[in-house]
Amino acid sequence: MSLTSTVDGDTRVITVNVERIDAAMAIQFKEDMRSETEEGPDRVVLDLSQVTFIDSSGLGAIVASMKQLGGNRRLDLAGLTPVVDKVFRLTRMDTVFNLFTTLDDALAASPK
Amino acid sequence: MTLWRQAQSNLPGEVGTVQFNANRQGFALNFRATEMEAREGIRAVATQLRQRGLSEDRAGDVEIALAEAINNVVEHAYADIEPGQVRIRCQMRDDKLLIRISDQGRPLPDGQLPKGEPANVETDPADLPEGGFGWFLIRQLVSEIRYERRQNSNLLSLRFDLPKVS
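As they're listed, the protein sequences go chains B and W.
For the first sequence, this note's numbering begins at 1 and goes up steadily by one.
For the second sequence, this note's numbering begins at 1 and goes up steadily by one.
Keep in mind that the hints were calculated from the coordinates and are not lab data.
Idealized CB from N, CA, C, for every residue including glycine.
Keep in mind that the hints are not guaranteed to be accurate.
To be verified - Pair ranges (Cβ atoms, derived): (1) W:A28 x B:I27: 27 to 33 angstroms; (2) W:A126 x B:E38: 14 to 20 angstroms; (3) W:D94 x B:R73: 37 to 43 angstroms; (4) B:N72 x W:P118: 53 to 59 angstroms; (5) B:D10 x W:D57: 49 to 55 angstroms; (6) B:N72 x W:Q25: 55 to 61 angstroms.
Turn these sequences into a full structure, and let the hints guide you.
Shown next, in the form of structure tokens:
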């Protein structure tokens, strides 16, 4: 499993435990996200602080994970490392997701 | 004297299933066009570039563009056919990095580099694109890109201008 998950108040926190979300990983990532978010809080925070590299397949898998949550739930992203941050900014996906520097920042922004 | 010239690397032979050769001016490697071997090849290039003194920031740019170019070979050039070899050659100069990627897969559509338009993100979340970012990312990150079809090979050349090291 590439992910671990906990519930903090009204937020599900999913931690990515791999260094790369790339083409070789994207399908598994999307499936793991589906099983981790099948039920539970409406807000999901994805902790990306261990991820040092992402490609467009990985980016697509995160977008797909957000879409499969449905319209009433929300996926926020935390702990983007420099390369991951760059891919989000270049593709302007930084305008689609709420990005938080750290997981603590993301949790502080959540109404408990 | 630049960092490039000072850097010496000796990693001949195999890194996993990746065949690797290096000298002072550059290095080359090849691997089979599968997702897992592509990952190892991309990582090996990024590691070499860092060891040879490329800044963390610039190495990240190169790794993103390289990954998109290689993934394109794996997913499209060799789509539905037996995955062949991908060869990456990197040459360092004082002020630039040249990366040439060759494969024996299908040519690019119309023999042309895709324009790489930005994906539309100003849309309903349900309609957000999940792909089609690759050529846009490559074009944003490289200083120059060229594509040639030579007989049965594709040759993609990427140039990255580097800040002068004094």
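Hint by hint, here is what the structure shows:
At about 30 angstroms, the CB distance of A28 (chain W) to I27 (chain B) agrees with the hint of 27 to 33 angstroms. Against the hinted window of 14 to 20 angstroms, the Cβ-Cβ separation of A126 (chain W) and E38 (chain B) comes to about 19 angstroms, which satisfies the hint. Evaluation of the 37 to 43 angstroms hint for D94 (chain W) and R73 (chain B) yields a failure: the beta carbon distance comes to about 52 angstroms. In this structure the hint that N72 (chain B) and P118 (chain W) lie 53 to 59 angstroms apart at CB is violated, the actual value being about 29 angstroms.
Taking the beta carbon of each, D10 (chain B) and D57 (chain W) are about 37 angstroms apart, not inside 49 to 55 angstroms as hinted. Separation of N72 (chain B) from Q25 (chain W) is about 57 angstroms and conforms to the stated range, judged on CB atoms against 55 to 61 angstroms.
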